[in-house]
Amino acid sequence: MAESPARTAFAEEALTHLDTLYRGALRLTRDPDQAQDLVQEAYLRALRYQHSYQQGTNMKAWLFAIMRNLFWDRFKGSRKEDVSLDDVGEFVLYEKLRDEGARPEADVLDKLAASEVVKAVETLPPLHREVVLLVDVEGFSYKDAATALGVPIGTVMSRLHRARQQLQKSLYDYAVESGIVRGNGRPQVQQ
Amino acid sequence: MNCKDCSEKLDRFVDRELNSTEVLELQLHLESCPDCQDHYEFEAHMKRLVKHSCDCDTPPAFREKLRQLLS
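Which chain is which? The protein sequence lines are X and U, in order.
Under the numbering used here, think of the first position of the first sequence as 1, with each following residue one higher.
Under the numbering used here, think of the first position of the second sequence as 1, with each following residue one higher.
In case anyone wonders, no lab produced these hints; they're calculated from the structure.
Glycine included, C-beta positions come from ideal geometry on N, C-alpha and C.
There's no promise every hint is true.
Said to hold, decoys possible - Label-pair restraints from in silico Cβ distances:
| id | chain 1 | residue 1 | chain 2 | residue 2 | range |
| --- | --- | --- | --- | --- | --- |
| 1 | U | 35 | X | 74 | 18 to 24 angstroms |
| 2 | U | 55 | X | 111 | 16 to 22 angstroms |
| 3 | U | 19 | X | 74 | 37 to 43 angstroms |
| 4 | X | 37 | U | 27 | 44 to 50 angstroms |
| 5 | X | 73 | U | 68 | 34 to 40 angstroms |
| 6 | U | 5 | X | 9 | 44 to 50 angstroms |
| 7 | U | 55 | X | 178 | 47 to 53 angstroms |
Said to hold, decoys possible - Think about it this way: if two alpha-carbon atoms lie no more than 16 angstroms apart in a straight line, the pair counts; the simulated EDC-like pairs of lysine to aspartate or glutamate are:
| id | chain 1 | residue 1 | chain 2 | residue 2 |
| --- | --- | --- | --- | --- |
| 8 | X | 119 | U | 55 |
| 9 | X | 60 | X | 13 |
| 10 | X | 169 | X | 100 |
| 11 | U | 51 | X | 13 |
| 12 | U | 51 | X | 122 |
| 13 | X | 143 | U | 55 |
| 14 | X | 111 | X | 177 |
| 15 | U | 47 | X | 116 |
| 16 | U | 4 | X | 173 |
| 17 | X | 119 | X | 41 |
| 18 | U | 65 | X | 41 |
| 19 | X | 96 | X | 173 |
| 20 | U | 47 | X | 31 |
| 21 | U | 65 | X | 33 |
What the hints assert, rightly or not - Here are some chain X residues the structure puts well away from chain U; computed CB gaps all over 12 angstroms:
| id | residue |
| --- | --- |
| 22 | 35 |
| 23 | 58 |
| 24 | 97 |
| 25 | 179 |
Kindly produce the complete structure, drawing on both the sequences and the hints.
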């Protein structure tokens, strides 16, 4: 039986957001096969509950909400399993590097490998990782991120703040371990 | 605006979440404070770095499979 034009149009529009869902699923599951399973299930569920989508609202946020809810159901079992971030205090990478004599952008950011940045993102607890994915990677506003995650805007802001501090701390530790900067923040002397 | 106020609003400035009055105040401060300007550029660079590092496209074969499944 042929699909209805309305269902086809809905599916077409939903598929324009596929890259956002796939990127999100890949960073949440950290596994390409699991990411594809998750995204496929999310799209099937979206079509099944198409009637609950309100025209004119943010379809990308709605689809992301379906995907991340499935992630929590399937991969985590319970939201309580999410571990909280270690308290890194007020860690501001720019200030740390500047105070220790390095040039923060030229000496450090320009030398970080993309794979290390991904690793730092993927080691954030999922509740914090998903905020970084929405706001930094996908460019969601705080309001749209709050809609997708089902939390108040203040929660988005506080999780984002803590996630960025943890991210910067991880990248600083990597920069020290890999010799990009010395332990005191100074760049290695070029040979 | 002083440097502390600026630092507290930097996240929201980078994320384009300040209102127009706050943006104007912050921009005026940045014009007169090289250190805060450098800090702003660092945070903006950091945000771009995360975005570009995590960027990836959907595998074409999966996209096609999904398209057929949903059609």
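Verification of the hints:
no. : hint                             : result
1   : U:35 / X:74: 18 to 24 angstroms  : violated, 47 angstroms
2   : U:55 / X:111: 16 to 22 angstroms : holds, 19 angstroms
3   : U:19 / X:74: 37 to 43 angstroms  : holds, 40 angstroms
4   : X:37 / U:27: 44 to 50 angstroms  : holds, 46 angstroms
5   : X:73 / U:68: 34 to 40 angstroms  : violated, 26 angstroms
6   : U:5 / X:9: 44 to 50 angstroms    : holds, 48 angstroms
7   : U:55 / X:178: 47 to 53 angstroms : violated, 22 angstroms
8   : X:119 / U:55                     : holds, 13 angstroms
9   : X:60 / X:13                      : holds, 10 angstroms
10  : X:169 / X:100                    : holds, 15 angstroms
11  : U:51 / X:13                      : violated, 24 angstroms
12  : U:51 / X:122                     : holds, 13 angstroms
13  : X:143 / U:55                     : violated, 22 angstroms
14  : X:111 / X:177                    : holds, 13 angstroms
15  : U:47 / X:116                     : holds, 15 angstroms
16  : U:4 / X:173                      : violated, 26 angstroms
17  : X:119 / X:41                     : violated, 26 angstroms
18  : U:65 / X:41                      : holds, 13 angstroms
19  : X:96 / X:173                     : holds, 12 angstroms
20  : U:47 / X:31                      : violated, 24 angstroms
21  : U:65 / X:33                      : holds, 14 angstroms
22  : 35                               : violated, 9 angstroms
23  : 58                               : holds, 16 angstroms
24  : 97                               : violated, 9 angstroms
25  : 179                              : holds, 19 angstroms
When held up to the earlier numbered hints, the structure conflicts with 1, 5, 7, 11, 13, 16, 17, 20, 22, 24 and fits the remainder.
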